[in-house]
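Asker: Knowing the structure of chain A, use the given hints to seat chain B on it.
If you want the building blocks of each chain, they are given just below.
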Amino acid sequence: MTDAADTGAAAPKRRSLIDTLELDTRLLGMIGAFIILCVTFDLVTDGRFLTPRNIFNLTIQTVSVAIMATGMVFVIVCRHIDLSVGALLATCSASMAMIQTSILPQYFGMELGGPMIWVIAAASGIVVGGLIGALQGWLVGYLTIPAFIVTLGGLLIWRNVGWYMTDGQTIGPLDPTFMMFGGTNGTLGAGASWAIGALAAAFCVYAIWQGRRRKQKHGFTVKPLWAEFALGLIAVGAIMGFVAILNSYEVPTRRLARMFAARGEEMPEGYTEAYGLPISVLLLIIVAIVMTIIAQRTRLGRYIFATGGNPDAADLSGVNTRLLTVKIFALVGVLCAISAVVASARLINHSNDIGTLDELRVIAAAVIGGTALSGGIGTIYGAILGALVMQSLQSGMAMVGVDAPLQNIVVGLVLVVAVLIDIIYRRRTGDA
Amino acid sequence: MTPLVEMLDISIAFGGVKAVDNVSVDLHAGEVVGLLGHNGAGKSTLIKILSGAYPKDSGEIRINGEAVEIHNPRDARALNIETIYQTLALADNLDAASNLFLGRELTTAFGFVDDDAMEAETRKIMGRLNPNFQKFKDPVKALSGGQRQSVAIARAVYFNAKILIMDEPTAALGPQETKMVAELIGELKKQGIGIFLISHDIHDVMDLCDRVSVMKNGQLVGTEKVEDVTDDEILAMIILGKRPERT
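So the protein lines, in turn, are chains A and B.
Under the working numbering, the residue at position 83 of the first sequence is numbered 83, and the numbers go up by one with no gaps.
Whatever position you read off the second sequence (first residue = 1), add 1000 for the working numbering.
The shape of chain A in the complex, shown without the other chains (with noise of 0.2 angstroms):
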């Protein structure tokens, strides 16, 4: 089978420097976009927005939703939607504060701040969270009910579940250990962030290095090496850059002075402490790196994929699209326990309207980090830097002091605009 249109490709062809780094422009475009966003609120703010106390908060306060984002973009690629995302994370808060609060020390005698603890209660929200989402998964795929209506329903089921398990009271305060994943209760300080930092860097460049022998062993032709060598920068430039961010903020002395005390111990004068990396965000790097694994190198997410490309086809290739649905589901109520642990460690207690409205959020940010809700295209870095986009729009204006009805108004013109901007985009690049 010839055709006329492939002989022509052969011609050289001038390649501009984004072409030659294979770098993706709609993510430059959003990376670009979230840098205007940034710099005018830190000029509206005077110089308040890029410090590094709210880039540490802003990031805090990020990890939630997008942990969620991440596996929402799954059941979007999958042309389903989860409306119940919220919910499920309040059942999962309340049965994992119950656990650590009252069953574990009734029943099982242990004191809360054991070291088990938050070992069993985290594991039983996970398990609470897959249980759930499979169930959901379950009806959507093997019964055909639409996700919409599975997840609107789950929306009310799930929301007053947890609601009906506490009796409507707010359960407190957590474990100490299970609340160092709220963020500000548990950074590594200065040292293993830098550490953890060097680490991740050192892999990048690994996995840049293997993946450019791999293409040669197959005889593909590769990036030149300065091209790699300049990726490898900017890849180790901007992890030791966000490392050294977090842990130019400081504890503030006071707290600092508390914390010697509640050792016994006098404060040596002059001692400062970095807070670093707080756990939440390395969980959700962890978390981003999973599923970025999973979507483009197993074969769940090849078929999560080329079922939301074209249903039929992986249906007719030997995909079970059923159980596929089930799987996708069930990863969601599990990134949903996840979530619930930073959310109520966060809070250091679980309240009845943990998680509400994050539903909107959570499908907010995964659609403006570009997943189509027609199926098929998404990106799990594209839904993290949509749930950065979206809390630093919010926690911008809040700074600039744009009244509350003003800042929703706004976040709902950004989210409609941005898929304008994605559509017409994919219309020029032929990419639709």
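Simulated from the structure, these hints should not be mistaken for lab results.
Ideal Cβ placement from N, Cα and C applies to all residues, glycine included.
Treat the hints loosely; a few may be bogus.
For lysine to any residue, the following SDA-like pairs were computed, each having C-alpha atoms within a straight-line distance of at most 25 angstroms [unchecked claim]: (1) B:K1141 to A:S374; (2) B:K1137 to A:G232; (3) A:K215 to B:L1008; (4) B:K1137 to A:T25; (5) B:K1162 to B:L1008; (6) A:K327 to A:T292; (7) B:K1141 to A:Q296; (8) B:K1135 to A:Q296; (9) B:K1135 to A:L27; (10) B:K1137 to A:I293; (11) B:K1135 to A:R427; (12) B:K1137 to A:G189; (13) B:K1135 to A:G211; (14) A:K327 to B:T1108; (15) B:K1137 to A:L23; (16) A:K327 to B:L1106; (17) B:K1190 to B:A1078; (18) B:K1141 to A:T221; (19) B:K1124 to A:T221; (20) B:K1225 to B:D1210; (21) B:K1141 to A:I421; (22) A:K217 to B:P1139; (23) A:K223 to B:N1072; (24) A:K223 to B:L1008; (25) A:K215 to B:E1121; (26) B:K1135 to A:Y425.
Pair ranges (Cβ atoms, derived) [stated by the list, open to error]: (27) B:F1014 to A:S374: 25 to 33 angstroms; (28) A:I208 to B:E1069: 46 to 54 angstroms; (29) A:I293 to B:G1016: 45 to 53 angstroms; (30) A:D167 to B:G1016: 51 to 59 angstroms; (31) B:G1174 to A:I149: 43 to 51 angstroms; (32) B:P1055 to A:I149: 25 to 33 angstroms; (33) A:A33 to B:G1174: 39 to 47 angstroms; (34) A:G172 to B:F1110: 39 to 47 angstroms; (35) A:W209 to B:P1055: 46 to 54 angstroms; (36) A:I208 to B:F1110: 30 to 38 angstroms; (37) B:P1244 to A:I149: 49 to 57 angstroms; (38) B:F1014 to A:L156: 30 to 38 angstroms.
Answerer: For chain B alone, coordinates are given in the frame of chain A:
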């Protein structure tokens, strides 16, 4: 000699309509059997039972004389039955290699999808089938009709098919590409592969097939050797459902 495929007394109904009614066809190794009939005659439905897309209501399928159960496309693939669907059944958002290996991905020692190895294999087979094909990195929606067709054909041929089902393989192709498909069918025949060829075009069928089975309104009109019948007689079978009279 035992036929490669026997479909015996196959029936399937959709909501009271008998789409396929007690039809029997067979196929030998190295043979091309054409399935002819109007739209809605039931030929695609019959063949989708063999490829596992539809479950049959009654009847029996035998491969090399042995009764088999085909419940889904995975079962069919396990029996070395490959299908090129009229719709091509490609995931438009994925590249050629991902489509070619969809459901049968090559993996690394750790169980991860090995994209580079799949691209290398895809380059090899496309080099044979369609040497001009260069768009290995693009999603298949960026390809022309002929290029997409060649991806679908490559997918069916790559995995050592013994039984190949081609549903209107030339419907979307120009004359040049149609000729390539004809050559490919000849080559596959020589390798001993049995091919069911579904087509509207009786000239196609007369040129490429050894036998034709004609269907009308879900029923089999008859099966004839191509050299025994004229175009007109085939047309009479398709339109009138009338078997040629023998002396």
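Asker: Indicate, hint by hint, whether the structure satisfies it.
Answerer: Hints, verified against the model:
With a C-alpha separation of about 15 angstroms, the suggested pairing of K1141 (chain B) with S374 (chain A) holds against the 25 angstroms cut-off. Simply put, K1137 (chain B) and G232 (chain A) have alpha-carbon atoms about 23 angstroms apart, close enough for the 25 angstroms limit, and the pair holds. Taking the CA atoms of K215 (chain A) and L1008 (chain B), the gap is near 50 angstroms; set against the 25 angstroms cutoff, the hint is violated. For a cut-off of 25 angstroms, the pair hint linking K1137 (chain B) to T25 (chain A) stands: about 16 angstroms separates their Cα positions.
For the given pair, K1162 (chain B) sits about 19 angstroms from L1008 (chain B) by alpha-carbon distance, which is consistent with the 25 angstroms threshold. At most 25 angstroms may separate the alpha-carbon atoms for a hinted pair to count; K327 (chain A) and T292 (chain A) meet this at roughly 16 angstroms. At roughly 19 angstroms between alpha-carbon atoms, K1141 (chain B) and Q296 (chain A) fall within 25 angstroms of each other, so this suggested pair holds. For the suggested pair K1135 (chain B) and Q296 (chain A), the alpha carbons sit about 20 angstroms apart, so the restraint of at most 25 angstroms is met.
A hinted pair counts as satisfied when its Cα atoms are at most 25 angstroms apart, and K1135 (chain B) with L27 (chain A) qualifies at roughly 23 angstroms. The hinted pair formed by K1137 (chain B) and I293 (chain A) meets the criterion: a straight-line CA distance of about 19 angstroms does not exceed 25 angstroms. For a cut-off of 25 angstroms, the pair hint linking K1135 (chain B) to R427 (chain A) stands: about 20 angstroms separates their Cα positions. Restraint check for K1137 (chain B) and G189 (chain A): not satisfied, since their Cα atoms lie roughly 43 angstroms apart, outside the 25 angstroms limit.
Between K1135 (chain B) and G211 (chain A) the alpha-carbon distance is near 20 angstroms, which keeps this suggested pair within the 25 angstroms criterion. For the hint pairing K327 (chain A) with T1108 (chain B), the CA-to-CA distance comes to about 23 angstroms; that is within 25 angstroms, so the pair holds. Distance restraint check for K1137 (chain B) and L23 (chain A): the Cα-Cα separation of roughly 14 angstroms lies within the 25 angstroms cut-off, and the hinted pair is therefore satisfied. Straight-line distance between C-alpha atoms of K327 (chain A) and L1106 (chain B) comes to about 22 angstroms, which keeps the hinted pair within the 25 angstroms bound.
A C-alpha spacing of about 22 angstroms is found between K1190 (chain B) and A1078 (chain B), which places the hinted pair at or below 25 angstroms, so the restraint holds. With a C-alpha separation of about 23 angstroms, the suggested pair K1141 (chain B) and T221 (chain A) falls inside the 25 angstroms cut-off, and the hint holds. Distance hint between K1124 (chain B) and T221 (chain A) is fulfilled; the C-alpha atoms sit about 16 angstroms from each other, no more than 25 angstroms. The suggested pairing of K1225 (chain B) with D1210 (chain B) holds, with an alpha-carbon distance near 6 angstroms, which does not exceed 25 angstroms.
Restraint check for K1141 (chain B) and I421 (chain A): satisfied, since their Cα atoms lie roughly 21 angstroms apart, inside the 25 angstroms limit. A distance of roughly 24 angstroms separates the Cα atoms of K217 (chain A) and P1139 (chain B); the hinted pair therefore holds under the 25 angstroms criterion. Restraint check for K223 (chain A) and N1072 (chain B): not satisfied, since their Cα atoms lie roughly 43 angstroms apart, outside the 25 angstroms limit. About 57 angstroms separates the Cα atoms of K223 (chain A) and L1008 (chain B), which puts this hinted pair outside 25 angstroms; it is violated.
Taken as a hint, the K215 (chain A) and E1121 (chain B) pair is honoured in the structure, with Cα atoms around 13 angstroms apart against an allowance of 25 angstroms. For the hint pairing K1135 (chain B) with Y425 (chain A), the CA-to-CA distance comes to about 21 angstroms; that is within 25 angstroms, so the pair holds. For F1014 (chain B) paired with S374 (chain A), a C-beta distance near 28 angstroms keeps the hint of 25 to 33 angstroms intact. For the pair I208 (chain A) and E1069 (chain B), the beta carbons lie near 49 angstroms from each other, so the given range of 46 to 54 angstroms is met.
Separation of I293 (chain A) from G1016 (chain B) is about 49 angstroms and conforms to the stated range, judged on CB atoms against 45 to 53 angstroms. For D167 (chain A) paired with G1016 (chain B), a C-beta distance near 55 angstroms keeps the hint of 51 to 59 angstroms intact. A beta carbon spacing of about 46 angstroms between G1174 (chain B) and I149 (chain A) agrees with the range 43 to 51 angstroms that was offered as a hint. One distance hint, 25 to 33 angstroms for the beta-carbon pair P1055 (chain B) and I149 (chain A), holds here, with the actual separation near 27 angstroms.
Range check, A33 (chain A) to G1174 (chain B): Cβ separation about 44 angstroms, and the 39 to 47 angstroms hint holds. The hinted window of 39 to 47 angstroms between G172 (chain A) and F1110 (chain B) holds, with their beta carbons roughly 42 angstroms apart. The hint said 46 to 54 angstroms for the Cβ distance between W209 (chain A) and P1055 (chain B), and at roughly 50 angstroms that hint holds. Range check, I208 (chain A) to F1110 (chain B): Cβ separation about 19 angstroms, and the 30 to 38 angstroms hint is violated.
At about 56 angstroms, the CB distance of P1244 (chain B) to I149 (chain A) agrees with the hint of 49 to 57 angstroms. Between F1014 (chain B) and L156 (chain A) the CB atoms are about 37 angstroms apart, so this pair conforms to the stated range of 30 to 38 angstroms.
Hints 3, 12, 23, 24 and 36, counting from the list given before, are not met by this structure.
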